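Asks: Residue strings, one per chain:
Number of protein chains: 4
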Amino acid sequence: MGKYTALKEEAFEANMQLPELGLVLFTFGNASAVDRDKGVFAIKPSGVPYTTLKVEDIVICDFEAKIVEGKMRPSSDTKTHAVLYKEWDKIGGVVHTHSTYGTAWAQAIKDIPIFGTTHADHLIADIPCAPPMKDEYIQGDYEHMTGYQIIDCLKDRGLDYNEIGMILVGSHAPFTWGATAAKAVYNSAVCEEVAKMAHLTLQINPNAATLKEALKKKHFERKHGKDAYYGQGC
Amino acid sequence: MGKYTALKEEAFEANMQLPELGLVLFTFGNASAVDRDKGVFAIKPSGVPYTTLKVEDIVICDFEAKIVEGKMRPSSDTKTHAVLYKEWDKIGGVVHTHSTYGTAWAQAIKDIPIFGTTHADHLIADIPCAPPMKDEYIQGDYEHMTGYQIIDCLKDRGLDYNEIGMILVGSHAPFTWGATAAKAVYNSAVCEEVAKMAHLTLQINPNAATLKEALKKKHFERKHGKDAYYGQGC
Amino acid sequence: MGKYTALKEEAFEANMQLPELGLVLFTFGNASAVDRDKGVFAIKPSGVPYTTLKVEDIVICDFEAKIVEGKMRPSSDTKTHAVLYKEWDKIGGVVHTHSTYGTAWAQAIKDIPIFGTTHADHLIADIPCAPPMKDEYIQGDYEHMTGYQIIDCLKDRGLDYNEIGMILVGSHAPFTWGATAAKAVYNSAVCEEVAKMAHLTLQINPNAATLKEALKKKHFERKHGKDAYYGQGC
Amino acid sequence: MGKYTALKEEAFEANMQLPELGLVLFTFGNASAVDRDKGVFAIKPSGVPYTTLKVEDIVICDFEAKIVEGKMRPSSDTKTHAVLYKEWDKIGGVVHTHSTYGTAWAQAIKDIPIFGTTHADHLIADIPCAPPMKDEYIQGDYEHMTGYQIIDCLKDRGLDYNEIGMILVGSHAPFTWGATAAKAVYNSAVCEEVAKMAHLTLQINPNAATLKEALKKKHFERKHGKDAYYGQGC
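Line by line, the protein sequences are chains A, B, C and D.
Using our numbering, you'd call the opening residue of the first sequence number 1 and step up by one each time.
Using our numbering, you'd call the opening residue of the second sequence number 1 and step up by one each time.
Using our numbering, you'd call the opening residue of the third sequence number 1 and step up by one each time.
Using our numbering, you'd call the opening residue of the fourth sequence number 1 and step up by one each time.
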């Protein structure tokens, strides 16, 4: 077994979850997993269909997005993943999809308002939509700067990446992260479901109010922090 | 075979129907079944994915939500189930989901109007949306008080829990119940379908009128009461 | 092989197509097939889930909706089927579903406008929505009168049942028919798809115009009548 | 192996992808593949369900839409395919579907605006909606003229068929093409997904702006042209 086999398998499994959860059409998405000790992450190769993807196709890169191991070209979004791993040292996985409802909100350039407990179970802020990138960043090192677009948006909003695992990049689509690649995939599915529910909520009631503070706090704390009582505590 | 095996199997089967019917994403839901003679109910353990759930994982609790048997922590919504079993002595099962359309109506804090016979086949009132809970109840014994939020809403509306198997809790999501756990699951699926149809009805005709009295009565009585002629009479 | 076995099989196959095509939830629908020579039709028993339905459960009735053969109670909508077979001597099958989009239009009490060639490939009128039934018909022989509600609506609109295989009954849901039970099922699926497309068309363009006459004529005649050139001519 | 077996297989595989990708109901669609050396294309027979379609049913036609080989009648849209192959000598496949969202935009007679990078990854113009055809063309050689309706629309907009693989025909539905039949199928799925996202974008934000020039250029060039870096470069 190779030095990076376990990491490649983790990235492979996370990638294969994306079509299973209905989050990607064709190759419109990618997942990665990091190994902090080795200073590398494993990511999907670019443009390879999920139906033919194999563990050994997964590419290993360092945090400068340089290929460390692998015969294929890594995802065209590799530099975005690299920046997030480099800047945020507590994340273990990153996912990017063009999932339908999340992408529609990104195209509408609107934050997804927090309307209910489904949302608050996962984060207690609106899901932020970073503004579309500036022309000089697009024409420059685009994917690298996409990472900083995400990081800067969280900073501007005063949000902590440990408490919010998802963002929309305006005119583009969602990016999510988490303690593991599997958790980042989970956050992608949550983002899509919450995006759909928020859209329907506004269709049913265009004046829908956002969630009251007490419910935000209660639901988030049920699942997170020292007094969490959701799950099996492991 | 253990004392509670049959009850656990009933709860297990009901829980497994939830993902099959498309009513839950990941662990966003739970079903329970009661044994009135033994004074206990069986409920899903908290945060366990449906893909790995086993009959023996099901937790047995009493009507004070105390664990009677089981190695896992029960659903974080256990106290809500307990209150409903305690107060409503004719129900045999309770289900809670965050199904997409039902949750959107709950987030919109709107009753689901009765627009057609699909709805009237199951209940002849609008599906009520209980108001979001008061802050003191949220900060106090939240899940326990959620049960009373449901019970009080029905009382305020003059509705009988035997004639209406579903409710929305404002800003949260649907809860349903029935004579058996399977019937409570059935009601969850009906609630979701009726929620979707009502949303579409208003999209097509924002001035859509609710169902006339004669059709409400006819369709409900086809399926319920002494002159019912739907089904095989068993 | 019994006298009605082939007919029961035809009805059974048609019924089993309904869940497969996503047109029914639980038992919300029924299909029947007629044998004109024997003066009977075969219909789904009432309230029996599709997952357990067997050929031998299918009930044989005459055109007065009297049971001719079968141990189970026939569909609660049997009298509607009986009236249609009795009055329209060229139809071979009838289907009733509560399919989501068709039912939403019925609940909105709106005809489905003919917006495109998908619609015109099958019928060249708007899909009519019969008005909700009068109270005296609802309180009287309801399902029998539902048949006449459908027949009268077509008469009022000057429509020929041979050229239009589908209708909505206001506040209720779609009914469809055809030369065979399979064709009636096909029409149910077409009705649902056309209902969804028409809804989306109006969402995208609230002022969308209905189809021009030349396209209505062309598409309908491609598939129907003596100069049809769609299909294999058999 | 017959002279056209490989071509028939290519067309067969492309056609079978259409129901798998959820792009067709029943027989509402057709795919073809061309062999430029032999001057023929292979197309689905008319009205044959995908569930029973076999490789040997595929019909071989020349660019005048005359049958060269095959026992069945070719798709009623064969002349449209023939015109596109004749006029556009670099395309290898053509697909026509009545996919739900693409058809809704066609029925709304609206171009699909370019709102995001998902769209720009594939084409950098709005997806054009050709006007509904003139009456004399409908009454004349309809399917032949449909081909010219598509070609003329691109000309009028100054668009190059090599850079845009999809169009809507007003009041009708999408047509797509590509270097191979498989690529034309891919474009049909992209068209449907982009159509759905654009609809949702406008639902969420009726004033949504179209994509900025820098992002259009960047995303299209990531995937196309000499500096493309998406995929494996093969």
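Think of the hints as simulated: they come from the structure by calculation, not from any bench.
Nothing here was measured: the structure is a model prediction, and the numbers come from that model.
Incorrect hints may have been included.
Since the list can't tell identical chains apart, any single copy or any two copies may satisfy a pair.
Keeping only pairs whose Cα atoms sit at most 16 Å apart, straight-line, the calculated EDC-like set for lysine to aspartate or glutamate is [claimed, not checked]:
hint : residue 1 : residue 2
1    : 3         : 89
2    : 212       : 135
3    : 134       : 163
4    : 54        : 35
5    : 223       : 163
6    : 79        : 37
7    : 38        : 56
8    : 66        : 141
9    : 218       : 37
10   : 217       : 141
11   : 223       : 143
12   : 86        : 69
13   : 134       : 213
14   : 155       : 20
15   : 155       : 35
16   : 226       : 69
17   : 110       : 37
18   : 218       : 135
19   : 218       : 136
Asks: Each hint: holds or not?
Replies: Hint check:
1. 3 / 89: neither (22 Å within a copy, 50 Å between copies)
2. 212 / 135: For residue 212 and residue 135, only the inter-copy Cα distance (9 Å) is at most 16 Å; the intra-copy one is 38 Å.
3. 134 / 163: Classified as neither: same-chain Cα gap 27 Å, cross-chain 26 Å, threshold 16 Å.
4. 54 / 35: neither (20 Å within a copy, 33 Å between copies)
5. 223 / 163: within (11 Å within a copy, 35 Å between copies)
6. 79 / 37: Answer is neither: 20 Å inside a copy and 44 Å across each miss the 16 Å cutoff.
7. 38 / 56: Intra 18 Å, inter 40 Å, cutoff 16 Å: neither.
8. 66 / 141: Within one copy only: 14 Å inside, 53 Å across.
9. 218 / 37: neither (36 Å within a copy, 35 Å between copies)
10. 217 / 141: between (39 Å within a copy, 14 Å between copies)
11. 223 / 143: Intra 33 Å, inter 14 Å, cutoff 16 Å: inter-copy only.
12. 86 / 69: So residue 86 and residue 69 fail the 16 Å test inside a copy (19 Å) and across (47 Å) alike.
13. 134 / 213: between (34 Å within a copy, 11 Å between copies)
14. 155 / 20: Classified as neither: same-chain Cα gap 33 Å, cross-chain 41 Å, threshold 16 Å.
15. 155 / 35: For residue 155 and residue 35, the Cα distance exceeds 16 Å both inside one copy (25 Å) and across copies (53 Å).
16. 226 / 69: Classified as neither; 40 Å inside a copy, 26 Å across copies.
17. 110 / 37: neither (38 Å within a copy, 51 Å between copies)
18. 218 / 135: between (42 Å within a copy, 10 Å between copies)
19. 218 / 136: between (43 Å within a copy, 11 Å between copies)
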